[in-house]
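Let the hints inform the model, and build the full structure from the sequences given.
In the working numbering, the protein residues as written are 56 to 358.
By construction, these hints were calculated from the structure, which means they are not laboratory data.
Yeah, the Cβ is synthetic: ideal placement off N, Cα and C, and Gly gets one too.
Treat the hints with care, since some could be wrong.
In the DSSO-like style, the derived pairs of lysine-lysine whose C-alpha atoms are separated by at most 27 Å in a straight line are [claimed, not checked]:
#  : residue 1 : residue 2
1  : 100       : 121
2  : 242       : 229
3  : 100       : 63
4  : 220       : 236
5  : 84        : 63
6  : 330       : 357
7  : 121       : 305
8  : 242       : 263
9  : 121       : 57
10 : 100       : 57
11 : 357       : 305
12 : 330       : 305
13 : 100       : 84
14 : 263       : 305
15 : 229       : 305
16 : 220       : 242
17 : 236       : 263
18 : 305       : 236
19 : 229       : 263
20 : 229       : 121
Each pair of labels, with its calculated beta carbon distance range [to be verified]:
#  : residue 1 : residue 2 : range
21 : 319       : 113       : 22 to 30 Å
22 : 139       : 83        : 18 to 26 Å
23 : 139       : 301       : 48 to 56 Å
24 : 89        : 279       : 54 to 62 Å
25 : 216       : 332       : 27 to 35 Å
26 : 240       : 63        : 30 to 38 Å
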Amino acid sequence: MKAEAIRKQLLELLIDFEEELCSDNLRQKVLSLVPCYHQLRDLGKSLIPAEEARSARDRILHYFLKYQGVIISGDELLVVSGIQEYARRIRELRVQFGWSIASGLTATQMAEENEFPLVDIDAAAMGTSDYILLSDEQDRDAAHRWNVANEIRRENISVRDRLLKYFRTNIGQKITGEELKYLARDKSEWARRVRELRTEYGWPIVTKNTGRPDLEVGVYLLEADRQSPEHDRRIPDPVQRNVLRRDDYKCTVCAWSHEEWNRSDPRHLELHHQKTHATGGGNTEDNLVTLCTVCHDDIHRKK
Numbered sequence: 056m057k058a059e060a061i062r063k064q065l066l067e068l069l070i071d072f073e074e075e076l077c078s079d080n081l082r083q084k085v086l087s088l089v090p091c092y093h094q095l096r097d098l099g100k101s102l103i104p105a106e107e108a109r110s111a112r113d114r115i116l117h118y119f120l121k122y123q124g125v126i127i128s129g130d131e132l133l134v135v136s137g138i139q140e141y142a143r144r145i146r147e148l149r150v151q152f153g154w155s156i157a158s159g160l161t162a163t164q165m166a167e168e169n170e171f172p173l174v175d176i177d178a179a180a181m182g183t184s185d186y187i188l189l190s191d192e193q194d195r196d197a198a199h200r201w202n203v204a205n206e207i208r209r210e211n212i213s214v215r216d217r218l219l220k221y222f223r224t225n226i227g228q229k230i231t232g233e234e235l236k237y238l239a240r241d242k243s244e245w246a247r248r249v250r251e252l253r254t255e256y257g258w259p260i261v262t263k264n265t266g267r268p269d270l271e272v273g274v275y276l277l278e279a280d281r282q283s284p285e286h287d288r289r290i291p292d293p294v295q296r297n298v299l300r301r302d303d304y305k306c307t308v309c310a311w312s313h314e315e316w317n318r319s320d321p322r323h324l325e326l327h328h329q330k331t332h333a334t335g336g337g338n339t340e341d342n343l344v345t346l347c348t349v350c351h352d353d354i355h356r357k358k
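Here's what the structure looks like:
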């Protein structure tokens, strides 16, 4: 076994180093440890057989896929990759290959806005050098989106406007928190600005925790290029979530659900006030019902 052979060689080197410890020659001590360092690095790389993962990037991905949904520290990736610049390889896996790998910083910022509902994972406790693979499905369109994000990121407009422009460029496409954090030039306010776009400006941006349980954790999606009426924009997220769950995520008029979505009929679900604001209706669960946008528009047209 290759790993065992490397371990034995490393052990021999460490035993030989015992004599060097008695020496006053600092440089000789350092030079004696160099082969130990290389052997230790090779030992970590050998834990994943070459036929399963040949490059450092492949080994990192192999490790993430084996422990998908588990918090992985940077030190673990340093060992299995055998390279110091493992963070660059993680970025390549995100940007070029479309793997949804969230950093500890991104996960924490999402958790602050209640957008990281992973069971048994305390995102707020993740460190800056921690990572987690949120989905084992590769996003083939990620490279194109990251190129678009790079262009929008350079524009001299507000964080909220950059985020909205990116969403409107990618209607109906899944967008990761890492993309949005990058657009915000890594400012921590990005998650709050996304929530504001939904709750204050009426853009139908949904997540697993706010209306689309079919989405993966860490993913945002703009369902349509339209804003909801002003009187529908202040519905609290918990109320909206409870109403959608109560109505089984279906239109209460025509029974349409997101499972029927297609590009020729790009509707989505909204909440409708049975008693309007003008007549004293409130943003309460008993006053709200779930409608698809077609039925919702039809009701308002008739009124």
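Status of each hint after checking the structure:
| no. | hint | verdict |
| --- | --- | --- |
| 1 | 100 to 121 | holds, 16 Å |
| 2 | 242 to 229 | holds, 21 Å |
| 3 | 100 to 63 | holds, 15 Å |
| 4 | 220 to 236 | holds, 14 Å |
| 5 | 84 to 63 | holds, 20 Å |
| 6 | 330 to 357 | holds, 15 Å |
| 7 | 121 to 305 | violated, 36 Å |
| 8 | 242 to 263 | holds, 23 Å |
| 9 | 121 to 57 | holds, 21 Å |
| 10 | 100 to 57 | holds, 10 Å |
| 11 | 357 to 305 | holds, 22 Å |
| 12 | 330 to 305 | holds, 20 Å |
| 13 | 100 to 84 | holds, 25 Å |
| 14 | 263 to 305 | holds, 16 Å |
| 15 | 229 to 305 | holds, 21 Å |
| 16 | 220 to 242 | holds, 17 Å |
| 17 | 236 to 263 | holds, 18 Å |
| 18 | 305 to 236 | violated, 32 Å |
| 19 | 229 to 263 | holds, 11 Å |
| 20 | 229 to 121 | holds, 23 Å |
| 21 | 319 to 113: 22 to 30 Å | violated, 40 Å |
| 22 | 139 to 83: 18 to 26 Å | holds, 24 Å |
| 23 | 139 to 301: 48 to 56 Å | holds, 52 Å |
| 24 | 89 to 279: 54 to 62 Å | holds, 60 Å |
| 25 | 216 to 332: 27 to 35 Å | holds, 28 Å |
| 26 | 240 to 63: 30 to 38 Å | violated, 50 Å |
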